[in-house]
Each structure stands twice: as structure tokens, then as C-alpha cells.
Amino acid sequence: MTFRTIIIAILLICNFINVQAQNYELGKVTIAELEQKVHPKDTSAVAAILFKRGKTFFTYTGGRGFTANNVYEFRIKIYRTEGLSWANQKVSYYVGYENLGDDSVKFSNAVTYNLENGAIVKTKLESEGHFKNKINKYWNQETITLPNVKAGSVIEFKYILRSENIVRLPDFDFQYDIPVNFFEYKTEIPEFFLYKTLLIGTTKIQTNAEVVGSTQVYASGYKQINSLYTFKDIPALTNEKFVDNIENYRGSIQNELERKRFPDMPVVDYTNTWEGVATTIYKNKDFGEELKLKDYFLNDLKGLLQNVDSHEERLNVIFKFVQNKMNWNKEKGYYVDKGVKKAYEAKTGNVAEINFILIAMLKSAGINADPVLVSTLENGIPVFPNRTVFNYVIAQAEIGGKKILLDATNKFTAPNILPLNLLNWKGRLIKEDGSSEEVEMITSVPSKDNYNVTAAINPVLGKIEGQLRIKRSDYSAFNFREINSGKSEDSYLEKLENDLNKSEITDYTIENKKEDLSKPVVENFSFTLNSPYDIINGKIFLKPLLFFTDTKNPFVQEIRQASIYFGYPHQYVYNFSFEVPEGYAVESLPKPKRISLENKEASFLINTVSDENKIMVQVIKEINKPIFAAEDYDMLKEFFQKIIVSQNEKIVLKKV
Amino acid sequence: MKTPCYSLLLFLFTLISSAQKSTYLISSIKDSLKENANAVVRLDQMDIIIASQRSMNIKTQRVVSVLNEKGLSDIDAYQHYDKSTSVKNIEAIVYDALGTEIKKIKRKDFRDQSAVSGSTLFSDNRVLYLDYTPVSYPFTIVYTSETETSNTAFIPQWYFLGGYYVSVEKCVLNVTFPGNLGFKKKEFHFSEFNINKTVDTDTRLSYEAVNILAQKAEDLSPSSRDLYPRIMMGLEKFHLEGVDGTATTWEEFGKWYGDKILSGTTTLPEETKIKIKALVGDEKDPVKKAKIIYDYVQKKSRYVSIQVGIGGWKPMLATDVDRLGYGDCKALSNYTKALLQTVDVPSYNTILYGDRYKSNIQSDFVSMQGNHMILAVPNGDNYTFLECTSQDDPFGYQGTFTDDRDVLVVKPEGGVIVRTKIYEDKGNSQTDKGSYSIDENGNLSGHISIASEGSQYSSKSRTETLQPTEKEAHYKEYWSKINNLKLGKVTFTNDKENIRFTEDVQITATNYGVILANKMIFPVDAFNQSKSNIKRIRNRKNPFQIQRGYLDTDEIEINLPTGFSIEFLPSNFELKGKFGEYKTEIIKKENNKLTYKRSMFLNKGKYSSKEYDEYRLFMEQISRNDNAKIILAKN
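Protein chains in written order, with our numbering: chain A, -7 to 648; chain B, 27 to 661.
Any given hint could be a false lead.
Below, simulated EDC-like cross-link-like pairs (lysine to aspartate or glutamate); rule was C-alpha separation at most 16 Å, straight line [unchecked claim]:
{"hint": "1", "chain 1": "B", "residue 1": "K301", "chain 2": "A", "residue 2": "E108"}
{"hint": "2", "chain 1": "B", "residue 1": "K502", "chain 2": "A", "residue 2": "E550"}
{"hint": "3", "chain 1": "B", "residue 1": "K129", "chain 2": "B", "residue 2": "E117"}
Quick caveat, the hints were computed from the structure, so don't treat them as lab data.
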């Protein structure tokens, strides 16, 4: 390389940075941006965020304390009419604090840029495009709708979100369902506050931090920490099937207060380790204190425990009592709201109230029980320990070394069977002494479905008649009960008939629909299936699994970003016994086959045998792993493809 | 003989007074009312007092016994309010199954929330609603509320039956009104229900109904509005957001709306007028002028819903739309009208119900109706209707949202009721032309051109706006019978002039032909298998209707693999009946080639509940024949 080319290269880089730096300021929209017809890296993008810049800094008001000021600046390009909704912007903010002033949001610098006859035309947003909605007593919303926006427009706006709640800074998202060309987020945090910063998503970004002297006027001689996060070309994030929560994959920067350290004052710890998190939560009066109360239920408990001695029985009796008595008001969280006592009287409470009552009763009955903090699927998966990641609390009891997870808010749960949205990541058990331990929330015990079919083929009427027995256990039973318990038998059967290729169902019975929730649900019935097979050239072509044949691959996309989430391991066993009609004989049967992934994480087995006038088919299908990595997507897709092909091989009967 | 009578009366009296306390026993509900019901409305009473043209007071009493969790939504304990409607009081009391009071909910315990929803950016409409967590089922809730409003243009419709899976023990409507305001009413679907009109005088109207059984929702049913009893009410002299109105005919109503609400909203800045005149140039034909302007509006504007005060009924000023480039249906229709005025093309605001389900403005009941506005441009003896909220619709296209229904066209000389465009069944067409080849391993490769017109245009043309992943999912769903489908090149031609949307798609799929020993089996119809899945319904009660018919025609060339000969070919098939006509034909050609022809025509129509199973079997036969398979044998 000659000297000249090096110079040019350096110059180019400087120039590049310079140009970029200039163009990330509001008001400097270029003709090139307005002329651009499609996004250069994602031609299907309906719009793109050309840049998003954010800055968080603190101000101090005597008497009120610190306020976090969060400033955001956006420039967005609209490529297609479907992207016009980006011209409407809504920001919700919290106004329900007990001890703090309301948050506030103020929009400014909102401008639309269009190209008309080669010239840039600016239209500013006036007050008429500006709305404030009082959503309810906790939330307000500021809305703007930019004027004169059409395909091709570039829009800009800025808003400041001010909040006295400095425990959690607003999340800075840098990935959207449209591409982000460039983002930059600066935080300027006084040395009194130490924040834990979390980076969410799969995108690697650049970060930089330095300690500088403060420029604010509220105190002198202290330092602040300036951090800068930046990157470019963040691809759009799209949602897919079998995703636990797409937010777990969205690029975002989160900041949570870890410690306050004012001069001449003791350090206040907010979070840093799981133990720290646990202690802080436990110390709160709406947690630890409430767990200790027990006077309110002692009378009831006495009655419950009469002649019930073993711990297992006591656990079951108490769990059922709380589950039946208490009604969940759909509020989550791990702190009580009105308190356990009031909740108990009203028979209604939030998650913490109901499960605290359960824990306290178990303890009073001599059973070891502690609260477990949980993050639900909707709440997502945190990266580092902090307090705000949990949004739910359940109980863990320990009897003879066996650990049993319990949630009494739901009417269909049982010991070790939790609502499906709790099957997420890890829980955190907290003991009275403040110590804590990790609890695996994702079960490794497979839920089983057993299908037993005895069927006779009637070629004269073109029907198959038979008996079917379906037994569902564990999570499969829970799921069944949750979905179907509210339905009348008639409407359930109507759905079942349609699910079973419009069979006609008679003699339907069900065992254990509601009685013992820890036992399987068993259904028994007779069915008649009309035109259940193809007759081609006088031969009968029959699918071995009849109405249970998988026909559609659940995975259709070519590329996958997120992990594949199944919730819990699931095993399906089908046993079919067909009676071959008189005058017919077996010409061919599907070949016995085993299809499985590495380590049997998913497997499929089909066996077929014929014996005189009987055909036996056994199929075992297993998904043994609740979550697969995105890299396994192709493998899983292929697995489903293969098992569909296998299930669609036919039993062929010929006339004799 | 007198004494026993007297004591009987006394007995009755005590019975009534004691019943007051324990009216809401669950055990006193008749079994017939519990059937198919998630909730039983014990009493649904509304007392409407219209004191004057500018004052209406409504008292609501609703006593609902909720039998299970699904019945919670039948409580309906909520009240909307805004600047001109105030809630005077609102309260609820909960009783357990034995009629014992367990909770009292006062006004302050109702949640107060903005009623902004979905695409609406702003509305000053708010709602007070009850958020109650039941402690056990069944229970009974007694809800009462009272509102006061100055708007008398809308008297709420009264539905004797509020929904599916809910029964009604007793239902009472009382209306009091001054004799000089021209109160009127219209009754719908009373015939199969036992409804008593207890009072009907110059100033009072009352109805009472008892024991209405719960109804089940069934696929393809008409809307509940078209099945169950209801009453529309209105005044000839009414008031709306500060404006008095008088109308006994649509002509008068239209005149009032035009003069009082619309007038003065279509002024435009001079420069815009000049621009528009330049844009239209020498064009003389009014329809062609309208086309140019419609295109201009589509490119310039976008739909944004903002409902403020009278803005809910009065369009935003055309000058504002011109400046801001957005508005709701009224604003954009009115703006388009203003632009058309500048080039001397008349056009009229048109009020209607916008919905996929065809729903009429009640032509014999002059009152404020509708939920949407479009624009009518005279075209010979007819009108061309313009949907001004869409950036994509072809000029004059009415798709499936505003077609075939009675609408109110507001002309300067007064309103008229007009039927919008009817898309004939045969014109709702899909024409498929293509070919596919199967190789010796059963792999398929093919291409097809799908041209859609009429009402089918509206569903298909949306494909153009899909993201690549959505597009892929769409075609894999569309051809869900083809496993292992891989999309090749996809091109769209959106011919807005002739309203035809054409998809050209190339596909491949492995293992389309299933190989069994030395045979290969696959369905002949690869591209257009019927997807209709008509549910089996136990003891169907409701009639059913097919709102829009269609005609699909396919012609597909099939290249069979070499080294195979045909062992079995499905026979040609034809099915004709009241629901439609279906025909398939397979023509053998030389060199292992076949031509597959299929046509499927479905009639629109209204049918009785008895005919439902017949329809299901008709569609099932079609879907079975669509799946007919060919067998090839290796030579």
C-alpha cells in the first residue's frame, strides 16, 4: 500500500464520521433521504428509523429531589403507505405515584419534510395535531399526528419524558419492527447513583463510559459518569410462532438503580446480587410482614386439619382450600395490595395475597414453605439480577426433601402444575433469613396424551365406527381443563366433532374434569366418521392416524431469529386397532419407522402390524425439550416435515 | 265468601313485599332459562324521559345472575359519557346465590377510563365501568345508572335480547315524551317472541317481555340485529351538539344535515384551487375529472381518527385537511367534495353502515343512522361511490365494506336513499391458469397466474402489501394441502383501471407425489382445492346466508413424469344444486400430459336452518372431489 492510499483512506473515514455526525441532528434532512424509494438494506421495509438519539440527565429541585430527564430525537423515513402509521406517535406516562410527582411528556420539533418540485418543503406540527388522553388514574398519554405525511416523507420529532422515579430509567429500545439505521444513547449520571445497565437482544453494540466533572448547578465538586451506547444498521424484529416473548429478543438498554451513595450518608443498596434483590423485597412491609400474619385463618385451619396428619395430606387440603376460597382479581405482582387479612375476608386478592395466605397456612400446619419470585412469559427474561424483573410470586413447599411448587390463584392448578405463563426461566426462592436460591421453573417431566382407538371399517356405508379413549395428564390435562371447563358439554362436543373431521360422537363420558386436578382427564366415547378414506380403483387408502394425522408443518419460515418455545415436554401415544372388513385383505401397511433428533430431543416412532383381520398401529411422538435454540430451527422444521410424510403413508386394503 | 278473598289478597301482598328482599335467588330461575345460558338477565329495564327537544334522561336497571365465568361479559355495567352526556349516578350491588348482599360498589369504585380504542387517536368520550372479581358462581349483580344528555338525535335502540348464551327473565322499556316532538318508533322481529306493548299513547310508550330463552351463536347466521327483537326510536324535532333539527322525511333530514352541519366546511385556499384546476387541465368529462382528484387525495392524505365534541358528527374543515393531509372518513370525503367543487363536479356526502356484513340504513325510519361516510359522484343515472379513507382502492371500487346496501346520499335539495353497487356473483371471479410437472421422485414444480375480480379483488389485493415473511406464510396457508412448499418468484399486477389483481407465482414442493412400492399417488388439483370448512352444528336453529357468491375457473396443464403410465384417473365430476354448480374435467393428451379443468360457482342467498346440513354436504362433496387422486405405475 502506498502512502497516498493510506491518506485517502484516513481522510475518507474522517469525512464519513463527520458527515454522519452532522446528519444526526434534527432539522438537517437531506434531499437524498427524501428521494430514497426503498431501504437500501431491507427493500421490504415500509419505513425506517434513520436515527434515534436519546439522552438521560438529572436535574435537582429543592424540596422535590432528583428528576430524570429523558430526551429522545427521531428521524423516520416513510417508504410506503403501510408505513404511514409511524406518523402517529403515542407516549404513555405514569401519573399514579403515591409519593412522587407525576411523570410528564412534552413533544417538540415535530416536522414533516416533503420533496416538491425538487425542493424541500417543511410542515410543522401545530397544536391541533397534539392530544393528551387521560387513560385512567394511573396513566396519561401524549399523542401527536404529523401533518402532510405521505409515502416518501421524512418526519422528525423530539420528546422529553421527565420522571422523579429514578429507580428504573425508561428502557431505551433500539430495535423496532422497521430497520434502525443509527442510534445513540447517552446517559449522564451523578456519581451518587450507581445503575446496573442491561443490554437486551442479540445485537452487539458499541459502548463507552467516562467520569467527568459535573456541569449541573445543584451541587459543586462532584463527578458524573457519562456513558455512550451506539450502533448502526439494526435489522427489523419480526414476531413468529412458538416464541415465548418477542421482547426477550428486542434490542434495548435498561438501567436500574443499584445503589445510592451520597456524601456523609450511609450507602443505600437497591440491588446487585440475587441475595440483595431478595433481601430488599423481603424487607418491604408488603412482603415479609404479610407472610407472618396468621391470626385471621387460625380458626379455619384448625377445622381443616382435624384428623389430617401427614404433611402430604395437609398440603393437599390447604392448597384446595385456598384455591377454592380465594378469587384472583387478575392483578400480578409480588407485594400485597390491600393485605392478606382483607383479602381473606373478601375472598378476593392479588397474586401475592393469595399465595401468601397459602404459604402462611402451610407453615402454621408445620410444613416448610417459602415464596418464590417469578417472571411470567409476558414479563420476559432478565439478563442480570434486579428487582423489577419479577412480577409474580408463588409458593414452594418442601416435604421429606421433595420440592413442590404451588400457585393457588388459578382454579385448575395442582401441586407442581402451574399456569402455563409461569413456565419461564428461573424463579427465586426467598427464605425468612433473607437467603435465597434459584428455582427451575421449566419442567422436565413430560405431559402425556394417550389415545386408544378401536375401529371397524365399513366399506358398504363408507364409514368407520369405533371407540376412542383419550387420557391427558399433567400440563396437558391442565390446558384441557382451562380451555374447556367453562363450555357446556354440547358446545364442547360440537367443537370436538369438528376437530375429529366432523365425526358424530355418542356415549360421551368424562372422568376427572374437575374432581381431582392432580389426576389425568379421561374421555370415552363412540364415533362415526363419514368418508374417512379414499377409494381409488376399488382399493381403500386409509391414513393410519385418521383424524389425528398431522398435515401442516407448524414451521413455515425460512429464517428464524428467536428460540423455539414449546412450554413443556409432551409425549403423544396413539394405539389404533382396526378391524379389516370382510372381503378385504391388507395389501400394504406404512413401514415401521423411527425419526429422531440428536439426543432424542424430539422423536417419532410408528409401528404397524397386521394379524388375521386386525391391523395394529402404534405411534409415539415426543417433544422432550421445552425450548430449542434458534439454530435448531432447520432441524426441527425438517423433523416435522418427515413425520408428516410418515403419517401420511396409507394403509392399503384390496378386495379379495 | 268475602273473607277468604280478602285474606288471599293480604297473603299476596305479603308475598310481594317479602319477595322484594329475596327476588334474586338463583334457585328461582326457571330451568328453561338456564339452558345454553352463561347468564340470566333477571330484569333489564330502561326508563327514558324526554323532557324537551334538548333534554333526555335515561335510567337503567340491570339485574343479572351470572352462572359462570363466561357470563361475566353479560353484566354490561358500564356507562359512556362525554361533554354533553353526564352520568348522574351509577351503582352496583352484588348478591350471592341465596340473595344475601355481599358487596356494594359505589360510583368512586367504578373505573374511569378514556374510551379511545384501536385506530382512534383522540376522543373525548369516556367510560365508567365496573371491574368486579366474583368470589363464587353463581351470583347476581344489580346495576343501576342514570344519565342526562342534551342530545336527543340518538335515542338508544332497545334490544330485548342483548347477546348469545344469555336469557332474559323480564325486560321492560318505558318511554315518556312530549306530544309535540314527533316521537316515532319501529319494531323489528317481534313475531317469534312474546313481546307485549303495554302502553302506546301520544306521550308514553311501554313494552314488556318475559322469558326469552338463550340463543346459540351459529356460523353463517345473519347478524343478531336481523334475528332478534329490537326497537328503533327517534324524534322529528331533535337536538345535536348545540344544533336543533327537524325532519320528517329523508329530504328534510338531508337538508338539515347539509345546512346545519356540513355548510361552511368546504372552503379551500385559493392556491389549492389553482393547483387543482391546473391538475385537471382541459378534461371535460366529470367522471374523469373525479378520477384525477381521487388519485390526488389518495396520494396526499391519510386516515386518522379524531373525535372531538361535534367533530364526532361534523367534518373537519376542508382547509384543515388541505393543510394537514389527514382526517377521518367525514373529513376526507368532505375534502374530496370541496376539491371536486372547484372543477365543477358535483358530489354528495353519503352516510352508511361500513361493514363486511351488509347492513342498511333503515329507509322507512328517518333518523341519524350509520357509522361511516363515503362520497357519491353522479355518473349518468347512477352514482360512483368513492371510499376516501383508502390510499389503495381503485376509483369507484366498493369491495366488501360498502357494497350492496341502502345508504343516505345528502344532496343540497335534500337526502335520498340509494342502493350502492351490487357485485354480481359471477363477477366475483378468480381465474387460474397454470401448469405443473411431477418428476419421477414425486417432486412438483409449477407456476400459476391467479386473476381476481369483483369482491375477490378486495381480499387478494391485500397480498401486495404483505411483508416477505407474511407473504410466505400467506401462500403456505393458501396452499396448505401442498406440503414442503417453496415459493419461487412472485409478481403482482394490480390493474386498478379494470379492477383486476393478478398474482403470478412459481412454486416447487418435494414429495407431492407419494410413492408406494412402484406406484405414485397425488391429488390432481394442486392449486385450487376448496378450503371451505363448514362446521357441523348440532340442532341448528338459525337460518344461514351466503352474503357474496363467486366463480372460480381453473385450467391447469399437468406434465407427468416419464417412465410412468396412468393406472387410475379420477372420473369427471359434476354437481348442480341450489347452492351452485361445480364441475371438473381431466383431459388426457399425448406425451404424458393432462389438462385439468375446474369451475366452481357459488350463489349468494338466504336459506333456512334445515338447509344447512345440505349445504355442508354440498361443500364436502366438492372438497372430497378436489382431493381426488391419480395413480401412476412405473413402467
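Legend entry - Pair hint K301(B) and E108(A), alpha-carbon separation not exceeding 16 Å: Distance ~13 Å between K301(B) and E108(A) Cα, so the pair holds.
Legend entry - Hinted pair K129(B) and E117(B), Cα distance within 16 Å: Holds: K129(B) and E117(B) sit about 11 Å apart, inside 16 Å.
Legend entry - Given pair status - E550(A), K502(B), alpha carbons within 16 Å: Distance ~12 Å between K502(B) and E550(A) Cα, so the pair holds.
Of the numbered hints listed earlier, not one is contradicted by the structure.
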